[in-house]
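As a plain string of letters, each chain reads:
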Amino acid sequence: MLTIKDLEVSTQDKKIIKGIDLQLESGKIHVLMGPNGSGKSTLANTLMGHPGFSVDKGDILFENDSILDLEPFERSQKGIFLSFQYPAEIPGVNISSYLRMIYNKKSGENLSPVKFRALLKEKMALLDIDESVLDRYLNEGFSGGEKKRMEVLQLLVLEPKLAILDETDSGLDIDAIKIVSSAVNNIQKDSDMTILLITHYTRILEYINADKVFVMQDGKITKSGGKILAHELEESGYTS
Amino acid sequence: MGKRQLEEKKEKTTKKDPLDTDYKTKYGFSDPEKHVFKAQKGLNEDLVRQISKMKDEPEWMLEFRLKSLEIFNRKPNPTWGGDLSKIDYDDIYYYAKPSEKAERDWEDVPADVKDTFEKLGVPQAEREFLAGVKAQYDSEVIYDSLRDELSDEGIIFMSTDDALKAYPEYFKEYFGKIISPTDNKFAALNSAVWSGGSFVYIPEGAKVSRPLQAYFRINAEKMGQFERTLIIAEKGSYAHYVEGCTAPVYSADALHAAVVEVIIKPEARFRYTTIQNWSGDVYNLVTKRARVEENAVMEWVDGNLGSKLTMKYPSCLLVGEGAHGEVLSIAYANSGQHQDAGAKMVHTASNTSSSIVSKSISLGGGRSSYRGLVSVSPLAKNVKSRVECDALILDSESASDTFPVMDIKESSANIEHEATVSKIGEEKLFYLMSRGLTENEAMGLMVSGFIEPIVKELPLEYAVELNRLIELEMEGSVG
Amino acid sequence: MKTEFIKLGENTKVKVSEDTQFVLDVKANGGDLNQSIDVVFEKSGVSAEIIGVFKLLGGEEIGLRTSAIHKVPNTQCFTHIKGVLMDKSSSNYVGKIIIEKDAQQTSSYLEDNILVVGEGTNNISQPILEIEADDVRASHGATTGRINKDQLFYLQSRGLSEEEAQEVIIEGFLNSLLNRIQDETIRNKVKERLNV
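Chains as they are written, first to last, in numbering that gives the first Met the number 0: chain A, 0 to 239; chain B, 0 to 478; chain C, 0 to 195.
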């Protein structure tokens, strides 16, 4: 459902992605691993349309249509979601109102605050997030872990077709990883969501069932395989 | 002071001193009856003409001086800043040959000044010079050999008086262009009666690794009242100019008004470090400005101690794209002192940036004020500027002010300003004292820590001396 | 803390007699260039907040001055001003904190943030501190800048168009101060004025 062809991406005159081909299959969980600086985050941001990166070559096809000319909000409308590695803090924006706004936009519904609250409570329970969070401002004063959980909450609210999780596990302790993983597993099963999980550590793979694993190094995809590849990497690192 | 070890190399020489300050020989006053220059108070056209004549200046410089005098007379004192009302312009000597400058007896030097010299380990010969007891400092030999080394690399470093004669073309092009006499009353004053100061020229691509110490050059002519410095840093060059010293410098002159003009060409980098510690009732009013061209960097490092009133706002005109200006400033005001210091950053080109860090300390009834300006012109896009000014008030008698202005006429600028005023925290004091330090030692340590970000940018000897000086001041004033 | 809605003249003065939030009725339309308020602390033990929010639409101009004047010991003040500048608007703000010699144990802070959204804007900001007592805490912070690009991208990635994302950020910027207003009626009044 997502095809990346011959992609080259640079930022500020520095080439980061040096030619990759990648296929994501609908309803499957894909894991992208690699050392720091390999270009994983760049790929995630490029898929979402970050203005700071330029596509020098190649194409990105989502459900068979190129999305290169689409603005980030258009890509979101189409069903692409990015859970950021470093989510922005936006002062003064109440979380509850914000979530309702993005939900209503996506679904085309016009849920009242009360109805939305009910919907939200369910999802928050899956992630073990306390209600008091709803009175706070978006990511303001949140710890790294709290921000990551807020990202996954937004994923549950938007129910995208493709969810790109950029190092969602970093900054989370083992309990948080378990919770996040179970929420992701559940929603994936229920809605047949396609997942691209970007991670540096293999730890999360114990809790999420990877169908396919890719390794990225120095701007290129160097290996691809099944779950077994993940274990090999765990044993011997990236350079084998 | 800075090069104490070089003291040992002092020796009498028969070499002709290029900075011969024997005006009698140099300017042809061999016959005292012919030219009688009598030291006189007050400022008038006649005095200005005499000064220019004695220096044997070209006609255009005399015109410049006379026009400046007119401007000085016309302009009123500024209505902001420190209290200038007590200056009686008619009761001041505006020019006196160095050899005629009034000297005083060692016995008359205040005890605390002598004490500071002792504690800082200043050699006796230097002490006498700094305290105004001796007119000359025998460092000419050291200075000469330094100058020869530099000239091999094409670097010019000489007194402004001499440079006017040797390199008139630079003066015609740059003198008075960065700071015009109309800029403020004291720039006009300096422009009328300037004498002494440094001329520095760094040729294209030259990288001067060792700081140029103005201390030695100035010594030969004694600390000047109305020094005029002109610095030209050509494309891609790098140099560091250092002047002043931390030891208290006695001046018989009540009014000092210096002017420093710096031109930094594209991709060049220049740092100008000043530490001034005027002892006595000195009004120290300085106008310092650099014009910074494309991708060039100017750094002003400024330490102000002593004097009755210092008004000094090093500034950068960021006229070329990508230019960067920085001011690191320390002001220390003790009893009866007012430091009104700060910085000005004027952004007229796009993608320029500036940073101002000011740390001030006031104690014993002193007052230290930060006065600054960051301005962005309508066509200067993507300007970034950050100002941080912190003040420490050490007792209930002292005061501190900050008067920053941000004037932003363009919509893409990103400007930040932060200021804090506080005293030394009780808990921190207690913590240090609980580790065995006396209250004075603890406070001294905290004050050092407060100014550390700037002190670490000073040449090592200055940093050490400045810290030691602050410790001494704390010992004297606290409790 | 009680909340008071203060109309601003050229030389408005208020004395702080009890803990009060002074919400300034800042006039943005009509180009009022001389809005000034002195908040004077002559009674010990009280604290105050001074809140001023404005949004200047195309071509509007504003001149605002606030002074927190501490004359006696042991008072607290927090001055917080936020403004949004749309095309060709101009703001001139002077914010003073004056702590006189006898006003020991004063805490006084000033925050002044300008969010520039339009083009061709002008803003002058002068946060001033005049402090004559030592056992005090005083600080000020002033910022001027455009909307943060990362924030824009983040919201767009959640399905908001650029204009919508901008609106959310501007609202958030103003709300983070407006939501400090304790009196609901006053708060809503100000929000309404600002279209927030």
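These are computed hints drawn from the structure, not numbers from a lab. Values in this document were obtained by computation on a predicted structure and should not be read as measured data. Hints are not guaranteed to be accurate.
Part of the chain B face toward chain C, derived, beta carbon under 10 Å [to be verified]:
(1) Asp280
(2) Leu393
(3) Glu409
(4) Gly448
Ideal Cβ positions, reconstructed from N, Cα and C, are used throughout, including at glycine.
Status of each hint after checking the structure:
For aspartate 280 of chain B, the interface hint is violated, the least distance from its beta-carbon to any beta-carbon of chain C being 23 Å, above 10 Å. Nearest Cβ of chain C to the Cβ of leucine 393 of chain B: about 7 Å, under the 10 Å cut. The hint holds. With its C-beta approaching chain C no nearer than about 8 Å, glutamate 409 of chain B sits inside the 10 Å limit, and its interface hint holds. Contact between glycine 448 of chain B and chain C, as hinted, is not supported at the beta carbon level, the nearest pair being about 18 Å apart and thus beyond 10 Å.
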